[in-house]
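Student: Chains as they are written, first to last, in the working numbering: chain B, 20 to 505; chain C, 59 to 538; chain U, 937 to 1031.
Calculated directly from the structure, the hints in this document are not laboratory data. Heads up, the beta-carbon is just placed ideally off N, CA and C, and yes, glycines get one too. Honestly, I wouldn't trust all of these hints.
Claimed, not checked - Residues of chain U clear of chain B, computed beta-carbon distances all greater than 10 Å:
#1 Thr942
#2 Glu957
#3 Glu958
#4 Glu986
#5 Gly1021
What the hints assert, rightly or not - Simulated pairs of lysine-lysine, BS3-like, Cα-Cα distance not exceeding 27 Å:
#6 C:Lys507 - C:Lys496
#7 B:Lys429 - U:Lys962
#8 B:Lys260 - C:Lys350
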Amino acid sequence: MELYSLTIHELQDKLRAGEVTAADILTSVYQRIDQVEGKVHAYITLMKEAAQAQAAAADAAIRNGDIRALTGIPLALKDIYCVQGFTTTCGSRILHNFVPPYDATVVEKLRAAGAVFTGKANMDEFAMGSSTETSYFGVTRNPWDLTRIPGGSSGGSAAAVAADECIAALGSDTGGSIRQPAALCGIVGLKPTYGLVSRYGLAAYASSLDQIGTMARTVEDAALLLGAIAGHDERDSTSFKADVPDYRAELARSKGRWRLGVPKEFFGAGLDPEVGAAVKAAIEHYRATGCEIREVSLPLAAEYAIAVYYLIATAEASSNLARYDGVRYGRRSAKAKDAVDLYYQSRAEGFGDEVKRRIILGTHVLSSGYYDAYYLRAQKVRTLIRNEFTAVLRDCDALLSPTSPTAAFKLGEKSSDPLAMYLTDIYTISVNLAGLPGISVPCGFTTGGLPIGLQIIGRPFDEAGLLSIARHYEQAHGWYSKHPSL
Amino acid sequence: MKYEAVIGLEVHVQLRTASKMFTRVAAGYGQPENTLVDPVVLALPGALPVMNKEALDKIIKTGLILGCEIAAVCKWDRKNYFYPDSPKNYQISQYDQPICIGGAVEIELPGAARNIMGEHKKIPLTRIHLEEDVGKLNHGASDSLVDYNRAGTPLMEIVTDPALTSADEAYALLTSLRTALVQGGISDCDMEKGQMRCDANISIRPVGETKLGTKVELKNLNSISFVRDGIAHEIRRQLAVKESGGTIVQETRDFDGQTGASQSLRSKEMAHDYRYFPDPDLMPVKVDEAWKAALRATVSEHHFDRQRRFMADYLLPYTITSVLVPERELADFFEVTVKLGAAPQAAGNWIANDLLRELAAAKLSLTESKVQPAHIAGLVKLVESGVISNSIAKEVFVTMARSGELPDVIVERQGLKQSTDTGELEKWVAAAIADNPKAAAGFRSGNEKALNAIKGAVMKASGGKANPKLVDEITRKQLG
Amino acid sequence: MKITRTEVAHVAHLARLTFREEEMDKFTSQLNDILLYMEKLNSVDTTGIEPMTHATVLHNAFREDIVKPSLANEQSLANAPDPRGEFFRVPKVIE
Ligand SMILES: [Mg+2]
Ligand SMILES: [Zn+2]
């Protein structure tokens, strides 16, 4: 096995034993990047030189006996967090030249944990998309089938992990943007409870839904990475003051025999039969290993989540993206005649179609005369959806469902029909609306060789439980040992 | 037809905090451009707002001072509009759940004369909310330059009911409000520095009409006098429009305090649509009884209550109280002086007249003053007990204002004690009678005033130290 | 029709976006499809339901009034598309 295809804990064992150096690991990962990046295009910006310096520092620390949670581990960062001194584009032309003077809290924490940053991963523009096709910097291809999308919006991060162009990665998830690409690329993707990971330094798409999470080859790696980035941050008012357990240690303490709910509405029309069958087989595994499986019902979540989401997310986005105006940073149009024209031209040239569509939609639903009918109504239905989850999770430790209704679709297949694209997030979106943690773990492949994901939805701030449930299945099946042939 | 004016004010006040409303960068004035900024102020991608507790404390305290109801829960909203002075292109403000509701500002209208207290009135407030200030634009011929130092400064917006009826009332409101806020430590309210800014909504209507007329908004009124002048001018302008049969257009006008003229800025051609919605980045604020009680304990007596107390308890004349009370430190100084045993009226006079005159001459503030309450109390007691005369006391005051020595030390060193040695006084009186035969004769023939010439001569001979009461007695005896 | 071309133009103005003619047609029709889909929310009974504005229940998330260092002027202007001296520059602001 090449170093680039190992997991975080396997590499750490080797680092501790002195078998390899952080520099060796980074060299291996960069060899892999050189081999496959031309086909996959997972990155917007590579940070090779800085990474080499970080690896050297990691090796020095190891020599001094200072080994931390992620010392010497090469990670990819979705290009949506600020990294001081490195272009942070959010996949947009309007930020193509923006170099932040500060680090996001997660970046600060990863640095403190000793991590090495390979680069900034591709994404849908401002995280608006489910296929990574809206990026200004070109599409990312699914490592399992280069004619297909990797999912999105964290498609670059997912593809980088799947293609072994990093060991693990961070993504962000507003409506499924970690879990869906994880499912489509055959990796583990965890969206934590809203408020567990600081959003400071994460360019906002929809503030009440955005959450940073981890993308890795195994549940154990996801747990390790989560431990490094979770925790209260004074700079984010929505950050929760919760204790951060040792998630990896919790995995070992797991009790098993959970009560797991299966929302019947998540298996209806639109679900690809092969995907449905793989997920049901996973559910059977839980039943067979002593878990209590009960059918539950989430009618409102299933029926209304997409509508609620696109009203709330676009409303927030229309305001969050107002700051991109070509005045203080980013791209300014050369055509502007006056200050108002500066806004028009810079924004018209700087944003892509999907972003414009969502800004227009969000502006419309907040505008005078429409607020109550659209935005306020959506917020009320959001309350009902959250209540529905709360009720169901009172009797269940977690819920099981497909992550995405289909496996990876073809590039360009849905880009001309926005609504069809929105519907691909049907199982993930309600989890963001309710603020709950959700994880996608690989649960098999289609006959065409495309990965399928199982979504597990947990109770608020019970990431430890969620990870244990995910690991229980993962260990039995070991899908993670398969790597795409590139 | 007879018309009356209806005026409402929107007053923006910068709170005196060390850091900005939603981030830890310093709030301040007069710093080099674009140096009081950070990712939050510049609205960089990923920056998030976090509430400054001190700003909340200050606005709640303001609400307590002005008798507002403090909302148990208030929230933050985004007001969306594009403008280069607004880094996020939305302002964080409070839309439908402000923190302070109702309340009133007590005002004093001009009295019939300078020394007569005017009528007091309470002007009801609609609300007070908290928001963030914007940056500053410097407009040039072909472009504008932006400085974001001011952006994000905590800003309190005080909205009155449309309940003012004259320019004088508006002037009185701002004066009283400024006194209350400065005394409460809420803001320095320096209008020249933009720490207090006022917009006025003015309309007129026929007397007896209850519906409001078309309002005109006056902006950029950057001193309290300009507010008064601008409103007076606008009322006259609207009356003139009505008298010439015209109609008043809803618009925003800019009043130039220097020229006394106003001009239209923009009519409401395109109504704004601010698309207010709750800010998802900020959690609501809950204000419980304990929080309010802690702040209530820091609220000191309202300046008008204090003025009434000074008049009633210390029998101070209105003119003296209206000098002492608007400056809290001065009024405190006075009360300390009285507590040290000084007669209140004498102390009030010394402080309001002599102390302020000496400080002004030396360009010193009260805190830099060498004269402290103990000095004044000592001086008042020396005069009261007849140790020195009032005229000697004036000289002693000047000396102690410069040296900071206590009055009895000065009196002792300079030998200024009044003479009560009757033997010596009798010699001086006899000499004065001898030197002023005409006056002596005049007094004997019934001219009471003639006595003054003799007494004056005695005082002169004694170098001002003769006790006037004894001099009077002895002179009358020798002439009798 | 859920949204007219004129409304799209008005909203575009509020959002400071401009579109070419053919883009306007495409956007109007796409937005109509999307808003038509949103109609389904009208069948939910929301009487007496509180709106959910946050995914978490916290309040009074304060910080103390303590100053941290500012960005230096060069840092704050480093990304400015068109700085002038110590300032950010914009073309003339027309009221
Ligand atoms: Mg206002
Ligand atoms: Zn305001």
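Student: Quickly compare the C-alpha distance for lysine 429 of chain B and lysine 962 of chain U to 27 Å and report which way the hint goes.
Tutor: Distance ~23 Å between lysine 429 of chain B and lysine 962 of chain U Cα, so the pair holds.
Student: Is glycine 1021 of chain U truly not at the interface, in the sense that its beta carbon sits beyond 10 Å from all beta carbons of chain B?
Tutor: At roughly 15 Å from the nearest Cβ of chain B, glycine 1021 of chain U sits farther out than 10 Å, so the non-interface label holds.
Student: Going by Cβ atoms, does threonine 942 of chain U stay more than 10 Å from chain B at every point?
Tutor: With a cut-off of 10 Å, threonine 942 of chain U remains clear of chain B, as the shortest Cβ separation is near 12 Å.
Student: Any Cβ of chain B at or closer than 10 Å to glutamate 958 of chain U, or is the non-interface label fine?
Tutor: holds (12 Å)
Student: Going by Cβ atoms, does glutamate 986 of chain U stay more than 10 Å from chain B at every point?
Tutor: With a cut-off of 10 Å, glutamate 986 of chain U comes too close to chain B, as the shortest Cβ separation is near 6 Å.
Student: Can the restraint linking lysine 260 of chain B and lysine 350 of chain C be considered satisfied, given a maximum Cα separation of 27 Å?
Tutor: holds (25 Å)
Student: With the threshold set at 27 Å, check whether the alpha-carbon distance from lysine 507 of chain C to lysine 496 of chain C stays at or below it.
Tutor: holds (12 Å)
Student: Any Cβ of chain B at or closer than 10 Å to glutamate 957 of chain U, or is the non-interface label fine?
Tutor: holds (13 Å)
Hint compliance for this structure: hint 4 is the single one not met.
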